[in-house]
Amino acid sequence: MTATLPRVDTATAAAVKRRRRPLGWLAVVPLLAFTAVAFGVPALAMLDGAFTAKDPATGAGSYTVDNLTASLRGAYLTALLGSVKLSAVSAGIASVVGLPLAQAVVTSRFRALREAVLTASGVLANFGGVPLAFAFVATLGNAGVLTRHLGLTDKGWDLYSFWGLVIVYLYFLIPLMVLTITPALDGLRSQWREAAQNNGATSVQYWRHVALPVLLPSLLGGLVLLFGSAFAAYATAAAMVGSSIPLVTLQIADALSGNVLVGQENVALALSLDMVLVAGLVMAVYLPLQRRSARWLA
Amino acid sequence: MARLTLWRWGVLGLAGLYFLVPLAASVVFTVDVPGQGIDLDAYTQIFSTGGFTSSLLLSLELAAATIALVLLLMVPAMVALRLGAPRLRPVVEVVCSLPLVVPPIAFVAGIGTVLKWGPEHLSRTPLFQTFVAIQNPDFPFVLVLAYVVMALPFVYRALDAGLRSVDVRTLVEAARSCGAGWPQALVRAVLPNLRGALLNASFLTLALVLGEFTVAQLLGFQPFAVWIVNISGSQAQLSVAVSVLSLLVTWVLLLTLAGFGGRTRTTSRG
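Chains as they are written, first to last, in the UniProt record's numbering: chain A, 1 to 298; chain B, 1 to 270.
To be clear, the hints were calculated from the coordinates, so they are not data collected in a lab. Hints are not guaranteed to be accurate.
Examples of chain B residues lying across from chain A (beta carbon under 8 angstroms, computed) [claimed, not checked]:
no.: 1; residue: Pro22
no.: 2; residue: Phe29
no.: 3; residue: Ala109
no.: 4; residue: Ala175
no.: 5; residue: Thr214
Glycine included, each C-beta is placed from N, C-alpha and C at the ideal position.
My request is simple: use the sequences and hints to build the entire structure.
Laid out in structure tokens, this is it:
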């Protein structure tokens with residue numbers, strides 16, 4: 001390389017600074033343009049479709065709120081409530097189970113265990129989907145290994161029920177809780193526990209008055225995040241075909257592919273809009289909580 | 001202290017049971033044919049089953065294209081945010097978090113609507129050809145577009161964490177004052193320092209694309225995850241075998257990466 005010697009004077013420094021600004025904008029523009037096309041256009045199409053009704057005779061579209069009211073009525077409402085119930089129950093259980101598990105992993109002396117659990121959590125929390133569903137069908141389904149060997153069917157067990165789905169959902173929600181709460185647990189200083197012990201506090205008192213109040217924003221944030229994740233899940237439920245549980249994601253898929261009734265696409269879009277609103281609400285609760293928990297962890 | 005240790009092992013043991021039993025039972029399910037004993041047919045059949053190679057190849061191609069495109073879009077933008085456009089930071093952060101607010105199923109409902117405009121409104125315009133081209137079943141580019149959007153939050157977090165530990169401004173200024181052009185400074189000074197973050201982002205995207213089901217199924221394409229579901233009706237054992245394998249492969253892949261990342265972190269600290 002034939003590098004020219006740098007002339008260190010103010011003129012070139014200013015020139016560099018002046019040249020830097022347009023570059024900064026230029027490098028971000030492709031990303032923004034891409035998301036506008038690949039994400040913005042479908043999102044707007046969904047919004048538009050949710051408020052559009054097509055006249056079957058003329059094919060002309062007109063704006064209406066009929067789709068939205070239809071999406072909040074009858075079978076669709078049942079599905080929406082079913083999704084909310086399933087997500088709330090499984091997120092609640094996963095939070096209660098995930099906290100002690102994360103605590104056990106965080107306080108462990110084995111670094112390898114910690115790495116393995118956190119990585120496994122990352123895999124299961126984000127990429128479970130179809131394989132997860134099949135693992136459970138093989139384990140607890142009608143012909144599953146445990147079902148056959150323990151004779152669970154006679155005891156009234158059915159994987160394709162509300163509680164069956166909760167058990168499957170926990171498999172990716174507990175890891176998600178572990179991932180979310182681990183930074184907060186790492187932030188609990190051992191001095192706090194020592195200070196509490198020196199003042200004569202029992203372990204229970206320490207958790208009740210020191211640790212849990214500090215963890216509360218992270219815990220609630222995690223709970224909300226888990227709810228959102230369970231609410232949006234589709235692959236797991238869809239792969240466990242035969243699920244008699246009404247879920248909003250399954251309803252959208254059915255309506256989109258015209259499985260049940262033809263011409264329900266716009267109602268599907270309205271249902272999607274309902275989901276986006278719920279997910280938006282989840283984020284609106286989650287982000288302030290996360291910021292609040294960051295105060296203690298700094 | 002002994003009580004504490006006991007408590008910890010109790011919790012870990014129960015969790016291990018819950019998380020390992022389905023995997024173990026799945027393996028048993030694939031090798032144990034009722035009444036015939038152990039047999040490994042489910043695993044030996046995988047490669048000869050129709051659609052396995054083509055769907056896996058399709059998934060890998062989609063993953064490669066997605067990783068290339070998402071890094072091409074994100075790396076310059078993220079570096080630029082550090083260098084010259086800090087005011088755009090909140091904008092990019094929000095844009096990259098938006099996919100979290102729109103669940104995949106709602107996103108695909110929107111994509112489906114847009115794709116339907118092709119035949120309905122645009123059949124006489126040149127755009128129509130584009131619509132047809134991106135839906136080519138041999139290589140559905142529309143899936144790449146969707147996956148890039150879905151990968152944005154992961155890639156943003158991975159790159160942001162990587163950039164936080166590197167002083168990009170000093171690196172670039174050093175390279176520039178040694179006479180390097182902008183592209184050269186980026187490729188030869190910044191990128192090598194981001195190797196860990198780039199790997200991390202790539203693996204997360206790979207795992208995302210390999211496991212993605214919702215968008216592909218509803219748009220009617222057949223990559224790996226959709227293929228597994230489609231064969232499950234006729235070959236339950238095979239589908240479970242492939243599921244277990246894919247879960248384990250992803251796990252090992254990310255575990256290797258975590259080990260790699262952990263080692264670089266400790267060396268840089270020491």
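Hint-by-hint comparison with the structure:
1. For B/Pro22, the interface hint holds, the least distance from its beta-carbon to any beta-carbon of chain A being 4 angstroms, beneath 8 angstroms.
2. Using the Cβ-Cβ criterion of 8 angstroms, the hint placing B/Phe29 at the interface with chain A is satisfied: the shortest such distance is roughly 4 angstroms.
3. A cut of 8 angstroms between beta carbons decides the hint on B/Ala109: the least distance to chain A is about 4 angstroms, and the hint holds.
4. Taken as an interface hint, B/Ala175 does not check out: its beta carbon lies about 10 angstroms from the nearest beta carbon of chain A, beyond 8 angstroms.
5. Proximity of B/Thr214 to chain A holds as hinted, the smallest CB-CB distance being about 5 angstroms (cut-off 8 angstroms).
Hint 4 from the earlier list is the only one contradicted by this structure; the remaining hints agree with it.
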